[in-house]
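Enquirer: In order, the protein sequence lines correspond to chains A and B.
According to my numbering, the first sequence is numbered sequentially starting from 611.
According to my numbering, the second sequence is numbered sequentially starting from 4.
FYI, nobody ran anything at the bench for these hints, they're computed from the structure.
It is possible that some hints are incorrect.
Said to hold, decoys possible - Covered stretches of chain B (chain A as the covering partner; in silico rule of three or more C-beta atoms under 8 Å from a C-beta of chain A):
#: 1; segment: 6 to 17
#: 2; segment: 41 to 51
#: 3; segment: 127 to 133
#: 4; segment: 142 to 148
Ideal placement from N, C-alpha and C gives every residue a C-beta, glycine not left out.
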Amino acid sequence: MPEGENPRAAQAEPRLSDLLPAGGLQVVTIRSPSPRGRLLGVEAPHLPKGYLLIEARDLPGANRISCFGSELPILAEGRIAFSGEPVALLAGPDTAVLADIVAKVKVRVEEEEPLVNWESFSSEQVAAKRVASLGDPELAFSIADKVVERSYRAEALEHWYSEPQGALASFDYDKLEIRCATQWPYHVRDSVARALGTKPEDVVVRPTRLGAHLDGKLWYPSLLACHAALAAFLGKRSARLLLSREEDFLYSPKRAPEAVALRAALDKSGNLSALDVRMSIHVGAQAPLAEELLSQACLAVQGAYVCPNLRLEGYAVTTNSPPLGAFGGLGAAPAFLAIESLSTELAEAAGMDPIEWKSRNLLRKGSRLLAGDPLKEDTPFDAIAEQLCRASDFRRKWAAYELVRKRRSCRSEGPMRGIGLAFAHQTGVFLSGSGPNSYTVEACLDKDLRLLLKTSAAICKGGIADIWRQSAAEILGIPADKVSIAPPDTDGSPNSGPVTLSRGLSVVNRLVERACTAIQKRRFRDPLPISAKAIHRLPSSSAWEPNRVAGSPLESAAWGGAVVEVELDSWTLEPRTLGLWLCVEGGRIVSHARAASALRAAASAALSSCMRERLAFERGAISREAFLSYETLPLAEVPPILVEFLEAERRSPAKGLGELPFDTVPAAFLSAVSQAAGIHFTTLPLGPDALSALEDA
Amino acid sequence: MTFSFILNGEDVLVKARSADRLVDLLRERFGLLGPLADCRHGACGKCLILLDGRLAPSCMLPAFKVRGREVITLEGFSQTDEYADIKGGFEEAGLELCGFCDNGRILAVAALLERNARPSRDEILGELSAVPCRCADPETLTQAVAAAAERRARRLYHRARQ
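This is chain A alone, in the form it adopts within the complex:
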């Protein structure tokens, strides 16, 4: 929509693609052709005047950006970690000339055999490790009535965000201005300042429009901003680096694949008595989010179930693939996929329907957790299950489909249908202890009773900004249209941390409420204008300790469940989704319509990731064919999605719930397809291999 047409245009950020500064430099990345080896050098032809080649040795500051405790090189120096790793930058005014020069540049690498295996790995590949236990698993397995073993696997996924990544660096008087679409403006600022060896205050980040990102723009924009800033700093002119969609697809981070092997013991009454978990997360090269991904996955792998005896061994494994990481959350979704899919199998082993088994084993008040203190409150899973069963007619359909499946002797006999149900929780808490630990929001009420909110999280979609407005207006008793939000510049707005794990709601909205409450308390005592600042500090007790998580990471969690119903085509065996139901307990829902819309959009993306999106690595790299053939689920194939909310008390805090569909829909889908086919599938997305296994069956 052109600027000026959009009612939000006055506050909306421009798109990076539209920023075409005249007379500036264009920047292209020279990449390693090899996945692993020793970098011997970069050979470039004679460069025309106005063109420059930038290598690691040219950096005025540190050749490093830090992310959740990991350190990554800005340009490769000495070692090559993955195919496509940036080794140099080429900057100049004319893109056609740049393309000619790039074709002549040679990157010399002394190649070594790349590490590509991540399910069996050596100790040098371990970027993070978690070992934890609860109770006495050995004893529980030795006296178990039944033991079920299964390995699950979730593959890499492309974010397919709204705009390929990039950055524009230019000079604004005495400051270097960075424009880029990022979830974390202050990370960009600090990374650029460190790379240039300047003070953070000398750099100002003015975020451009973010669009749909699915956590793909968490830290990578900082790397590209460093590249653009280097070109601008050394070339003394504005510089823009904008990846093409293909380049972005091939080299930017993807969803980290996970493999989870589970061994579960059932006691005589069919209840879960022990669980043995071994998981490995493929974090690619350099492992920027390894600690956090692994911590979140370890918290999630217990799922919604009581398990008195638990043993966990988890690894984040590096390879010579591009860095892999977050996708609609930070690593929890594949863990939920594993435990929820297994729970359906455990129900079968116990001779119960899935609802009955799940209800008997759900977490309740006082349940011990592998990660964190025992639960202080009951979970709402019973109510969620009840609501989902009523809305989807789960019990009747599940029983009917079981009957049809058992009686079916060939494909043409009756429809091949299945229905699955899964639960999950969303914490909104960083667990690795290496993430950002302080978030700030400022508010100022002026003499005309207009409120200005300042937060670097104002890059959130308009709906969340409206929720902040509404929250502030309710507390101060002013109309919502008198609440405005300052641009999320690092110069004018305080650091509100990265926008991920729905923290725009779970953290920033609470800070807005606290700042407004502070103003309201002083409002009739002090003269206007009144300013207030609200700061949230991560409780240090929430971080992983060597063997457990202290504190209560589930204390402020949102809870949810999903039911998916599918039918397999009797000829092609392709699954078609007939219906999808979601039920969520997300605290106070400020706008039901907006929350439902966000959940449906996330559910569509989650369904797409189960059915269509396939991303294969060849010798650790993504091929061009993968780019050309990657497809998302067409909207026309998304079934009607019904969303219901469990009502919470009016004053209970709003919780982040946007990742719940990614945590619940895949497991529900896999259970549904498994019931329809009569085969236990264990890998998502369902690829041709799975369908051919079905054909054989």
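Please arrange chain B on chain A, whose structure you already have, making use of the hints.
Expert: Only chain B this time, still in chain A's reference frame:
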């Protein structure tokens, strides 16, 4: 080569190389930033334009292919009553797009309503599948297009009565 075509209702004369793509011509020569050059292989739908009234991906079109034809971009389309119907319908349904797919989705809806005044859910989502963006959910999109269709029908009815 030099050629002319009708761009948003105006005759224009341009000089282009045979390898130039229409999307680059529109953005760089005419400053029309509605169409985005994103995937560059016709898959993302962000570069859609109306070529002689039909949807076409401008990233796949050599610029010279529009010689003597009519091109309407979002900027031109936003001057029409049809655009006001669609925009009004989107607002009525509370549809918030990301700011990147708006171009493709609005023009896809325009092309759909031109062919089919009362499209079904499947027809709406089938048409909008040409713009595979993750920012909006299918139900809100369907409601938004249905609201736009309703506004369009009302406007055409009133015009016919006048």
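Enquirer: For every hint, state whether the structure bears it out.
Expert: Taking the hints in turn, this is what the structure says about them:
Counting residues of the segment 6 to 17 of chain B whose C-beta lies closer than 8 Å to any C-beta of chain A gives 0; at least three are required, and the coverage claim is violated. Residues of the segment 41 to 51 of chain B with a Cβ under 8 Å from some Cβ of chain A number 6, which satisfies the need for three, so the listed coverage holds. Counting residues of the segment 127 to 133 of chain B whose beta-carbon sits less than 8 Å from any beta-carbon of chain A gives 4, enough to reach three: the coverage restraint holds. For the segment 142 to 148 of chain B, the proposed coverage by chain A is satisfied: 3 residues have a C-beta within less than 8 Å of a C-beta in that chain, meeting the threshold of three.
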